Amino acid sequence: MKSLNLLTFFLFLSIVTFAQEKLPNVVLKDIDGNAVNLSEIKNDGKPYVINFWATWCAPCKRELNTISDLYEDWQKETGVKIYAISIDDQRTVDKVKPYVSAQGWEYEVLLDTNGDLKRALGVNNVPFTFLVDGKGNIVWKHNNYNPGDENELFEKIKKLAE
Amino acid sequence: MKLLNLIIWAVCIATAQFSFAQFENLQLGTVTGNIESTYQFYRPDSNINAQVPPEKGAMNSFANVNYRNSFFKAGVRFESYLPVLLGYPQRFQGSGIGYRYAGFSGKNLEVTVGNFYDQFGSGMVFRSFEERALGLDNAMDGVHLKYRPYKGIELTGLVGKQRFEFDSKLVNGPGIVRGVNGEVDFRSLFPKLDSIGLQISAGGSFVSKFQRDQNTLLILPENVAAYSGRAKIGYKDFYISGEYVVKENDPSDNNGYIYKNGHGILLNAGYSRKGFGVLLQAKSIDNMSFRSDRGATLTDLQINFLPALTKTHTYNLAATLYPYATIPTGEIAYQADIMYTIPKGTKIGGKYGTKINVNFSTAYDVNRRSILYDSLLRGYTATPFGMSDSLFFRDFNIEISRKFNKKLLVNLVYYNQAFNASANIVAQTLGYIYTNIAVVDVTYKLSKKHSLRGELQGLWTKQDKGDWATLVLEYTISPHWTFGIIDQWNYGNDVSAQRVHYLLGSVSYINGSTRFMLNVGKQRAGIFCVGGICRQVPASNGFTFSFTHSF
Numbered sequence: 000m001k002s003l004n005l006l007t008f009f010l011f012l013s014i015v016t017f018a019q020e021k022l023p024n025v026v027l028k029d030i031d032g033n034a035v036n037l038s039e040i041k042n043d044g045k046p047y048v049i050n051f052w053a054t055w056c057a058p059c060k061r062e063l064n065t066i067s068d069l070y071e072d073w074q075k076e077t078g079v080k081i082y083a084i085s086i087d088d089q090r091t092v093d094k095v096k097p098y099v100s101a102q103g104w105e106y107e108v109l110l111d112t113n114g115d116l117k118r119a120l121g122v123n124n125v126p127f128t129f130l131v132d133g134k135g136n137i138v139w140k141h142n143n144y145n146p147g148d149e150n151e152l153f154e155k156i157k158k159l160a161e
Numbered sequence: 000m001k002l003l004n005l006i007i008w009a010v011c012i013a014t015a016q017f018s019f020a021q022f023e024n025l026q027l028g029t030v031t032g033n034i035e036s037t038y039q040f041y042r043p044d045s046n047i048n049a050q051v052p053p054e055k056g057a058m059n060s061f062a063n064v065n066y067r068n069s070f071f072k073a074g075v076r077f078e079s080y081l082p083v084l085l086g087y088p089q090r091f092q093g094s095g096i097g098y099r100y101a102g103f104s105g106k107n108l109e110v111t112v113g114n115f116y117d118q119f120g121s122g123m124v125f126r127s128f129e130e131r132a133l134g135l136d137n138a139m140d141g142v143h144l145k146y147r148p149y150k151g152i153e154l155t156g157l158v159g160k161q162r163f164e165f166d167s168k169l170v171n172g173p174g175i176v177r178g179v180n181g182e183v184d185f186r187s188l189f190p191k192l193d194s195i196g197l198q199i200s201a202g203g204s205f206v207s208k209f210q211r212d213q214n215t216l217l218i219l220p221e222n223v224a225a226y227s228g229r230a231k232i233g234y235k236d237f238y239i240s241g242e243y244v245v246k247e248n249d250p251s252d253n254n255g256y257i258y259k260n261g262h263g264i265l266l267n268a269g270y271s272r273k274g275f276g277v278l279l280q281a282k283s284i285d286n287m288s289f290r291s292d293r294g295a296t297l298t299d300l301q302i303n304f305l306p307a308l309t310k311t312h313t314y315n316l317a318a319t320l321y322p323y324a325t326i327p328t329g330e331i332a333y334q335a336d337i338m339y340t341i342p343k344g345t346k347i348g349g350k351y352g353t354k355i356n357v358n359f360s361t362a363y364d365v366n367r368r369s370i371l372y373d374s375l376l377r378g379y380t381a382t383p384f385g386m387s388d389s390l391f392f393r394d395f396n397i398e399i400s401r402k403f404n405k406k407l408l409v410n411l412v413y414y415n416q417a418f419n420a421s422a423n424i425v426a427q428t429l430g431y432i433y434t435n436i437a438v439v440d441v442t443y444k445l446s447k448k449h450s451l452r453g454e455l456q457g458l459w460t461k462q463d464k465g466d467w468a469t470l471v472l473e474y475t476i477s478p479h480w481t482f483g484i485i486d487q488w489n490y491g492n493d494v495s496a497q498r499v500h501y502l503l504g505s506v507s508y509i510n511g512s513t514r515f516m517l518n519v520g521k522q523r524a525g526i527f528c529v530g531g532i533c534r535q536v537p538a539s540n541g542f543t544f545s546f547t548h549s550f
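As given, the protein sequences belong to chains A and R, one line each in that order. Counting with numbering that gives the first Met the number 0, you get residues 0 to 161 for the letters of the first sequence. Counting with numbering that gives the first Met the number 0, you get residues 0 to 550 for the letters of the second sequence.
Hints were generated in silico from the structure; no laboratory data involved. A portion of the hints provided could be inaccurate.
[Stated by the list, open to error] Straight-line Cα separation of at most 25 Å, BS3-like style, residue types lysine-lysine; simulated pairs:
no. : chain 1 : residue 1 : chain 2 : residue 2
1   : A       : K75       : A       : K140
2   : A       : K21       : R       : K448
3   : A       : K117      : R       : K160
4   : A       : K28       : A       : K157
5   : R       : K343      : A       : K80
6   : A       : K158      : A       : K28
[Said to hold, decoys possible] Chain A regions said to be covered by chain R (calculated; three or more residues, Cβ under 8 Å):
no. : stretch
7   : 45 to 56
8   : 78 to 92
9   : 103 to 114
10  : 121 to 128
11  : 134 to 145
Bear in mind the structure is a predicted one, so any value in this text is a computation, not a measurement. Note that CB positions come from ideal geometry on N, CA and C, so glycine has one too.
Using the sequences and the hints given, assemble the complete structure.
Below, the structure written as structure tokens:
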């Protein structure tokens, strides 16, 4: 009886753990001051990317600048949308908007100045990328950036968009 | 045992009903978190003054586990220092729980009991945060409430003690911190503003700390209040914003037990359009060290955060030898940052455009006028933005970045800095250190997955340890492998025996959200910074192995 109980328990526990991970109920401001609740983000059923970066992080900027040159093609092909989440704190957060404008990025840029989203998603260092499917489930995570990593990300996006 | 069975069945039935009820949207909650472990083995090296703890090796480990569903959240952080790595606060020891919270998280209301982090405005009146890589954590421990009664209005209230140290468990400081904050975004309340391109927001905070007075000589205020007001006005591509903070008299170790009020002013003005951005900042700070223990020093038990108005540099000679940190007892600082992209397809801009960033920042001491008959122990008088001719820091730098083709990316940076080593004690000398720094950073993509990156850096100065050169070579194979070598060479040191090569090799393997990293070699004593906050790290020789995983 005891083992049956435990078995049942673990069976249900497995349902719990296999529940797909979604974005948390965290409200961040975009660079124009609009409040955005991450759990309410939708991209018309198309996949989207959550990318954590900072103005003081060289590999982050390398990654987002590389993707920026490809973004138009990516969007045409898959309809993907990229949310660039800046973890800049008060010392550098005011530089985010002029930096983003000067780079000509077309991403949705949100400010996680207090680290709420970073903590809620278990991010330990930047750059950190989450790929989210059209239903809002987190399907892939990647830490760090090496040149060429953007190809792997795009392959995953294409698979989701099919 | 029967009780346990009953609980198990109850949980299962409840779970089952819950899952069937929401079959389409099976939301029983998610578990997220991360694990991080760093082991460092130390070898003696008297030439670089490397220290070796009696244990020879040291290890810091962390595991964050968060649970949340649509309305409930809870989490813990396990920490372990066996013993603590050199360069971290050496009072951290043992293993246990260093952070835990539970709470309700609804659409408009969030309640947290236990540990939490938050920030009011620019943080000059209140900010609790964690910078784990620096061993910095002033997490609040108490109750936190955030309420959004109407779109565009946010109210926060909090009470708690602050994390001070870790001794197999969380240890808080003696004082109590209480605060309320309100923010209004007028554009959300009056959508008409948005249609004419106007953005107006405002906010205000009140923060107070309590600590018992046990001083036998002075009568100290047990309750100290600080308040701030802030506003931001934007019109199309322009914006200006500002915050003013007043801290009432707060005699402490930091200010030499004077009964003077403190102030902080931060002003920003910005303009940005596609391809161009500019930011101007001004700051005046006087007597703004605000801690929940008046005897605390360094980075301990800080209630507020005083941002340094300087660019956060990323290349190591510029970032780690003479980095500037705000002087909390007082400074006047200015910064200008201009970013421009020469458009792509033009003759000068090239196929992908050329990016230019010019940055200038400077900080001066406050002009303090002495008081003739200072019977109230005010110490001195000072006016906002009244600065003396004592320079703390000056930095002019220009960065040019150009992608020549799909394979070649070049980044050039030049810095000219004056650093007052008597104000920020990080060097072996006092007085001014004048430096010129140049960096050439070249990334070349060999194939779709293989790339090579090289950095050559030079720092030239007649003061302190003289000239330095740094060479970095990094070979990466996407998406898993990185091989790197970094050599920092103090070739211009006056003492020929100290013209040392600090050679460090590293290998890292990444798979998804898991990373393994091994470093072998010498690390020089210096300032290690994350996002502009720094700690001093002693010289070491040996190896470091680290593992991080996120789930």
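Honestly, which of those hints from before does the structure not fit?
Violated hints: 2, 4, 6; rest satisfied.
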